[in-house]
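K.L.:
Go by the hints and put chain B onto chain A.
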Amino acid sequence: MTRRSVLTAALVLIVGVLAPAILAAADPAGVITNLGNRALEVLGKNVPPAQRVARFQELFRQDFDVPGIARFVLGRYWKNATSEQQEEFVKLFQDYIALVYSSQLAAYSGETLKVIGSRADSEGAVVASEIIRPTGSPPVKVEWRLTDQHGSYKIRDVAVDGISMAVTQRSEFASVIQRNGGQVQGLIAMLREKTGSAPGR
Amino acid sequence: MNLLPLRLVFPHMLLLLALMLPGCAPRPGNQQPGVAEEEDFNDPLEDTNRAIFDFNQIVDRNVLVPVAKTYRTVLPDPVRDSLHDFLNNLRAPLNFVNDTLQGDFKRAGQTFARFALNSTVGVGGLIDVAGRWGQLPYREQDLGITLGVWGIPEGPYIVVPVLGPSTPRDLGGQVAEGFGDPWNLLVTGNPWTLYWIPFVRGGVSGIDQRSRYIETLADIERTSLDYYATIRSLYRQRRAALIRGERENLPPPASFSRIDTPAAAVAGMNLAPRRALVSEAPNFSEVRW
Numbered sequence: 001m002t003r004r005s006v007l008t009a010a011l012v013l014i015v016g017v018l019a020p021a022i023l024a025a026a027d028p029a030g031v032i033t034n035l036g037n038r039a040l041e042v043l044g045k046n047v048p049p050a051q052r053v054a055r056f057q058e059l060f061r062q063d064f065d066v067p068g069i070a071r072f073v074l075g076r077y078w079k080n081a082t083s084e085q086q087e088e089f090v091k092l093f094q095d096y097i098a099l100v101y102s103s104q105l106a107a108y109s110g111e112t113l114k115v116i117g118s119r120a121d122s123e124g125a126v127v128a129s130e131i132i133r134p135t136g137s138p139p140v141k142v143e144w145r146l147t148d149q150h151g152s153y154k155i156r157d158v159a160v161d162g163i164s165m166a167v168t169q170r171s172e173f174a175s176v177i178q179r180n181g182g183q184v185q186g187l188i189a190m191l192r193e194k195t196g197s198a199p200g201r
Numbered sequence: 001m002n003l004l005p006l007r008l009v010f011p012h013m014l015l016l017l018a019l020m021l022p023g024c025a026p027r028p029g030n031q032q033p034g035v036a037e038e039e040d041f042n043d044p045l046e047d048t049n050r051a052i053f054d055f056n057q058i059v060d061r062n063v064l065v066p067v068a069k070t071y072r073t074v075l076p077d078p079v080r081d082s083l084h085d086f087l088n089n090l091r092a093p094l095n096f097v098n099d100t101l102q103g104d105f106k107r108a109g110q111t112f113a114r115f116a117l118n119s120t121v122g123v124g125g126l127i128d129v130a131g132r133w134g135q136l137p138y139r140e141q142d143l144g145i146t147l148g149v150w151g152i153p154e155g156p157y158i159v160v161p162v163l164g165p166s167t168p169r170d171l172g173g174q175v176a177e178g179f180g181d182p183w184n185l186l187v188t189g190n191p192w193t194l195y196w197i198p199f200v201r202g203g204v205s206g207i208d209q210r211s212r213y214i215e216t217l218a219d220i221e222r223t224s225l226d227y228y229a230t231i232r233s234l235y236r237q238r239r240a241a242l243i244r245g246e247r248e249n250l251p252p253p254a255s256f257s258r259i260d261t262p263a264a265a266v267a268g269m270n271l272a273p274r275r276a277l278v279s280e281a282p283n284f285s286e287v288r289w
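Residue numbers (our numbering), protein chains in the order written: chain A, 1 to 201; chain B, 1 to 289.
These are calculated hints, taken from the structure and not from any lab test.
From a predicted model like this one, the values you see are computed outputs, not experimental measurements.
A couple of the hints might just be wrong.
For lysine to aspartate or glutamate, the following DMTMM-like pairs were computed, each having C-alpha atoms within a straight-line distance of at most 25 Å [said to hold, decoys possible]:
hint: 1; chain 1: A; residue 1: 194; chain 2: B; residue 2: 142
hint: 2; chain 1: A; residue 1: 141; chain 2: B; residue 2: 60
hint: 3; chain 1: A; residue 1: 141; chain 2: B; residue 2: 40
hint: 4; chain 1: A; residue 1: 194; chain 2: A; residue 2: 87
hint: 5; chain 1: A; residue 1: 194; chain 2: B; residue 2: 221
hint: 6; chain 1: A; residue 1: 114; chain 2: B; residue 2: 221
hint: 7; chain 1: A; residue 1: 114; chain 2: B; residue 2: 208
hint: 8; chain 1: A; residue 1: 194; chain 2: B; residue 2: 140
hint: 9; chain 1: A; residue 1: 91; chain 2: B; residue 2: 142
hint: 10; chain 1: A; residue 1: 141; chain 2: B; residue 2: 221
One chain only, chain A, in its complex shape:
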């Protein structure tokens, strides 16, 4: 084998075998399709609630830009929080999100996620999808906003019928903090209580 043919073989290998894998990871629509498939597997109606929360957390950590979302939902208070508070908040936030959405997703059975298309935006991509309901009622429009992290996409927000989950969460957290005299600690205490976490866990 000549050196050139070795090089060609290597190229063929890269293009033919590796490229699709790389492209799949770099395709925002693919990320969402994949998430939809896995979500159906792990969050189905037959899954016991305790497992559902754990599995949701796993999906959340894998596919979502958790640090970015945590920072966004804390808004202007992120900078005012100490690094310990920030760290605890990120942890509590994940538990809290799992609590909120795993129970809402529990109501789903027989729904399918259909990816409709995607487009690039300033921070990555937006993927449009629909949740098709088995009852025949009109599909729910879900838009996923993804951030491009060095070629791999992570979800930074989900909008259901135009309502952004991140914005809703952020608005609620800001209200809680303000009603606690502007202290992030007040929010942390409430999150601990809601998620049943011990302080300083």
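P.N.:
Chain B only, in chain A's frame:
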């Protein structure tokens, strides 16, 4: 005084009341050194709003939800669906006017076609023929949306007793629609015996709406840290999304057309005119992260 249905007059009086109320009391302790500046919720009447919200919650728990649950248990699905379709069909004249006011003549035509079809073939609106078989689904529409499409700001958040979350723009729209609704005009000019009709319509409409969100709202209330704040955000975003949806319904600027995946082309759906989701959400437009 002209005896208009309470449903119409009540919010009207509240609007006046809200406008007469002096600027709100200062918010509880903040502005300590080192504490971040407040998020602006555009909710100057928050203390009053929260009190009304609490009152509404009591009414909701003790009256609306039990009635909605009974409604859902007693009446079979097809009957409730028919009633829902019927109520939607009654909104057609107002929706037609709103479509027109928004300059969306295509939609106005569709609304007209829906009304004509459903009122006849659909047995007075009891069967949504146009939506089920004619690819002309019902779309939410009201004067508040029209005003929004025209660029009129929503104004501060207000919570209306019993009716719930609103804004001066949306409430004003509701009041004006109450006065302008041909069905209401039809009965106000008539003998006293017909005055109850808009009340019943309003009541049944409310129960129909509430019965659709029993579990969803219970879930949100159970898991949220500040239910009031969550509802406030959801309401505003929902309204903003409806207005955005109507704006995008109009011919989009060409510069936005771009489809990234073959799937979009296959589905024949041009997502192009959609803007960033957060960008029009109130109070957060400046945020970048």
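K.L.:
Evaluate each hint against the coordinates.
P.N.:
Cross-check of the supplied hints:
Note on residue 194 (chain A) and residue 142 (chain B): the hinted pairing is violated, with a Cα-Cα distance of about 38 Å set against a maximum of 25 Å. This hinted pair does not check out: residue 141 (chain A) and residue 60 (chain B) have alpha carbons roughly 28 Å apart, beyond 25 Å. Annotation: proposed proximity of residue 141 (chain A) to residue 40 (chain B) is violated, straight-line Cα distance about 28 Å (limit 25 Å). A distance of roughly 18 Å separates the Cα atoms of residue 194 (chain A) and residue 87 (chain A); the hinted pair therefore holds under the 25 Å criterion.
Between the alpha carbons of residue 194 (chain A) and residue 221 (chain B) the distance comes to roughly 12 Å, so the proposed pair stays at or under 25 Å and holds. Only pairs whose Cα atoms come within 25 Å are accepted, and residue 114 (chain A) paired with residue 221 (chain B) is rejected, the gap being roughly 29 Å. In summary, the hint linking residue 114 (chain A) to residue 208 (chain B) is not supported, as the alpha carbons are separated by about 29 Å, beyond the 25 Å threshold. Taken as a hint, the residue 194 (chain A) and residue 140 (chain B) pair is broken in the structure, with Cα atoms around 35 Å apart against an allowance of 25 Å.
Straight-line distance between C-alpha atoms of residue 91 (chain A) and residue 142 (chain B) comes to about 42 Å, which puts the hinted pair past the 25 Å bound. Between the alpha carbons of residue 141 (chain A) and residue 221 (chain B) the distance comes to roughly 23 Å, so the proposed pair stays at or under 25 Å and holds.
When each numbered hint is compared with the structure, violations occur for hints 1, 2, 3, 6, 7, 8 and 9.
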